[in-house]
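*Asks:* Sequence:
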Amino acid sequence: MKNTKLVAILVLQAIMVMGILAHVNADYFPKCCNNCRSFSGVDVCDDAHPQCPKGCSACRVVTPSPHKTFRCADMKSTVDGTCGGPCKKH
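Mature numbering (1 follows the signal peptide of the UniProt record, and there is no 0) puts the sequence shown at residues -22 to -1, 1 to 68.
For the record, the hints were derived by calculation from the structure and aren't laboratory data. Since we're looking at a predicted model, the values are computed, not measured. One should not assume that every hint holds.
What the hints assert, rightly or not - Distance windows between CB atoms, simulated:
id, residue 1, residue 2, range
1, Thr47, Leu(-17), 40 to 48 Å
2, Ser16, Thr47, 33 to 41 Å
3, Pro64, Leu(-17), 41 to 49 Å
4, Ser18, Val40, 41 to 49 Å
5, Lys9, Pro42, 40 to 48 Å
6, Pro28, Ile(-14), 43 to 51 Å
7, Ser43, Val20, 14 to 22 Å
8, Lys(-18), His27, 41 to 49 Å
9, Ala(-15), Ser18, 33 to 41 Å
10, Asn(-20), Arg15, 49 to 57 Å
11, Val(-16), Pro28, 18 to 26 Å
12, Thr(-19), Asn12, 19 to 27 Å
13, Thr41, Thr(-19), 46 to 54 Å
Claimed, not checked - In silico SDA-like cross-links for lysine to any residue, where the CA-CA straight-line distance does not exceed 20 Å:
id, residue 1, residue 2
14, Lys54, Cys10
15, Lys66, Cys14
16, Lys9, Ala36
Every residue gets a Cβ at the ideal spot worked out from N, C-alpha and C, and that includes glycine.
From just these sequences and the hints, can you work out the full model?
*Replies:* Shown next as structure tokens:
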């Protein structure tokens, strides 16, 4: 009986953590991404941008010099582990 309760508590806690991750950084996520990481039901796009993307809540500097580039560290929850398609280059 103790093992069943422990497993139930751990499962509920994992669901709660995933829900928090899905809502904390859900403001910005690009429609396309060339460098996508997916882990534990969360997608992160590692594409570098010349400016911090509008709507990004967790912007990080990737390269400080000679030209400063930024990466948005916002995440989104995923069910199938796909970030969407790669960005088209014209």
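*Asks:* Run every hint past the structure and note whether it holds.
*Replies:* To see whether the hints hold, each was checked on the structure:
1. Thr47 x Leu(-17): 40 to 48 Å: 46 Å, holds
2. Ser16 x Thr47: 33 to 41 Å: Roughly 22 Å apart at Cβ, these two residues miss the hinted range, so it is violated.
3. Pro64 x Leu(-17): 41 to 49 Å: Holds: the Cβ-Cβ distance is about 43 Å, inside 41 to 49 Å.
4. Ser18 x Val40: 41 to 49 Å: For Val40 against Ser18, whose Cβ atoms are near 23 Å apart, the range 41 to 49 Å is violated.
5. Lys9 x Pro42: 40 to 48 Å: 28 Å, violated
6. Pro28 x Ile(-14): 43 to 51 Å: Distance hint for Pro28, Ile(-14) holds at roughly 46 Å.
7. Ser43 x Val20: 14 to 22 Å: Because 31 Å falls outside the window, the suggested range is violated.
8. Lys(-18) x His27: 41 to 49 Å: 47 Å, holds
9. Ala(-15) x Ser18: 33 to 41 Å: Violated - the Cβ-Cβ distance for Ala(-15) and Ser18, about 20 Å, lies outside 33 to 41 Å.
10. Asn(-20) x Arg15: 49 to 57 Å: 34 Å, violated
11. Val(-16) x Pro28: 18 to 26 Å: 48 Å, violated
12. Thr(-19) x Asn12: 19 to 27 Å: Cβ of Thr(-19) to Cβ of Asn12: about 45 Å, so the range 19 to 27 Å is violated.
13. Thr41 x Thr(-19): 46 to 54 Å: Once the Cβ atoms are compared, 51 Å apart, the range 46 to 54 Å for Thr(-19) and Thr41 holds.
14. Lys54 x Cys10: Cα-Cα ~13 Å, so holds.
15. Lys66 x Cys14: 15 Å, holds
16. Lys9 x Ala36: Roughly 17 Å between the alpha carbons, so the hint for Lys9 and Ala36 holds.
Of the hints listed earlier, those the structure fails to meet are numbers 2, 4, 5, 7, 9, 10, 11 and 12, in rising order.
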